[in-house]
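**Student:** The lines below spell out each chain.
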Amino acid sequence: MTATGYPAGQPAPQHLGEVIVEARGLEKYFGDNHVLRGVDLDVHRREAVMIIGRSGSGKTTLLRCLNFLEEPTVGSVEVDGLRVEADPLRARSRAHQEQIRQIRLRASMLFQEFALFPHMTVLGNCIEAPTRVRGIGRDEAVTLADKFLDKVGLRDKRDEYPARLSGGQKQRVAIARALCMEPKVLLFDEPTSALDPELIGEVLKVMEELAHEGTTMIVVTHEMHFAREAADRVIFMEDGVIAEQGPPEQVLNNPHDPRTRNFLRRFLET
Amino acid sequence: MAGGGVQRVGTIDEIGVPTRAAILDEIVAAQRRRRRWFRGQFAFVWIVLVGIVGVFLWSAGRISWEFIFTSGPYILGGAGVTILVSAVAMVMAIGLALLGALGRLSVNAIFNAVASLYVSLVRGTPLLVQIWFIFYALPQADIVLDAIPAGIIALGFNYGAYMTEIFRAGIQAVPRSQREAAQALGLPERLVFRRIVLPQAVRIVIPAIGNDFVAMIKDSALVSVIAIQELLWRATRVGRSERQLLAAIAIAAVVYWILTIIFSYFQDKLEKRMARGDR
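Line by line, the protein sequences are chains X and G. So for the first sequence, my numbering puts the first residue at 1; every next one is plus one. So for the second sequence, my numbering puts the first residue at 271; every next one is plus one.
In isolation and in its complexed conformation, chain X is listed as follows (with noise of 0.2 Å):
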């Protein structure tokens, strides 16, 4: 099994494009607490990757590496051309920032908690950082920001403060918000377990419908159902490591590894 997921000789399937994401050698300590123990990922243009373990198996702290809003220990990560070393020791260097940012320019991150900024309206909230970033006038971030907030539903809430949204559509304003900035690659962290059940819904279907026209994404999610429809592969993660990954027919339904097939059954039981 090589790094992209699909066994070695054997191509990837058909309607990806090339490699867009490349983490190599990610490994991740918090103190003592050695959380990410050497991964190696590739992700594919138009690829959607759903990662599933238990709590603690590292699946968040490789998806926050990706774009450094934890700075690995050691590692790389390339994004559409820019690659990125860590460097622990000098994280706070203005050339290491700058390009820090540059990474999370290509690879947004949403939020379990959605963290829309409870001070400026859902439009405000949606061309803060187009206009700020990009540098891209007002009424362009705007026609920008109606266009994402259409495809989200919620174009009737740009003049709303957060407050005075339900937690579904939050999550789909930070979605519209991300999407704003044009990003290579989303990377979603547990996008709906902050929401109630009855909300789940509407945010799974914005996500699918990105993940069928092509949108990049990596997905860390314990929405067996919605991993098993909206992914081209899915990643099982165990103390630190991938212990499985391949398309989602074959890690869902047929693991071939003992600790995936143990997750799974008692992830099925509760």
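Where hints are given, some of them may not hold.
Taking lysine to aspartate or glutamate pairs in the EDC-like style, the calculated list, with each CA pair at most 20 Å apart, reads [what the hints assert, rightly or not]:
#	chain 1	residue 1	chain 2	residue 2
1	X	K157	X	D139
2	X	K184	G	E450
3	G	K542	X	E160
4	X	K157	X	D146
5	X	K151	X	E209
6	X	K184	X	D42
In case anyone wonders, no lab produced these hints; they're calculated from the structure. Source: prediction; values computed, not measured.
Here the structure of chain X is known, so what remains is to put chain G in place on it, guided by the hints.
**Tutor:** Just chain G now, kept in the frame of chain X:
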């Protein structure tokens, strides 16, 4: 019930709805009466207590109307100086507190050490000592300040240290996910702070800053020791010379009280307005 039997009035459906509404009305009205009664008692207690103290002091204290009318306006004129000194010192304190908070949260050892030393030193010594130090002690080192600048600097410096901790707590109270979301959108650090963290921190600290301003108005009485002609200085001056200290100090106290009530009122308004966006 007369006759002992249960008199049939109607089915639940026939009488239920209007009766229920009437009961609700009655409960609401009773609650309103109770609140009004509470407010009435409350005001009564205040008036009686303040009245007793006033009458006692008036009768026992040989207070002259003439003093109140001739020297009252002079004392009152000190309120302007009190407000001026407090307001300028507050602006200075807010600036110092913002810098101090950034220092206390900085990973730069030098910046952090300077800010921590400032907070420790200023909070560890009495404000009165600081006022003396700046106005009476520094001239020996050829640093001579006029009274009003010295008083403003002492108050601003002192409150800046206390408010450093308020700002630090306010900045830390902004959820980490807010920073991270801004970073994930590619905002550079200074914009993350200026556009996302600071506005939310300011909202959090406004009540505490308001409290400190009210406290500053009262602590500004301490600068009377360096002959700044504010409320207390004027009250003690005319009070002593006319042998009417009781009336003079009482007037000053009442003016401080009224000033703090006025500012608390505006602070309350401001807080309510700031909170509106959260709903």
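**Student:** Each hint should be assessed against the structure and marked as holding or not.
**Tutor:** Taking the hints in turn, this is what the structure says about them:
1. Restraint check: the Cα-Cα separation between K157(X) and D139(X) comes to about 18 Å, which is no more than 20 Å; the hinted pair holds.
2. Annotation: proposed proximity of K184(X) to E450(G) holds, straight-line Cα distance about 19 Å (limit 20 Å).
3. In summary, the hint linking K542(G) to E160(X) is supported, as the alpha carbons are separated by about 19 Å, within the 20 Å threshold.
4. Distance check on the hinted pair: K157(X) and D146(X) sit about 10 Å apart at the alpha-carbon level, within 20 Å; holds.
5. Restraint check for K151(X) and E209(X): satisfied, since their Cα atoms lie roughly 9 Å apart, inside the 20 Å limit.
6. Restraint check for K184(X) and D42(X): satisfied, since their Cα atoms lie roughly 14 Å apart, inside the 20 Å limit.
Against the hints set out earlier in the document, no violation occurs for any number.
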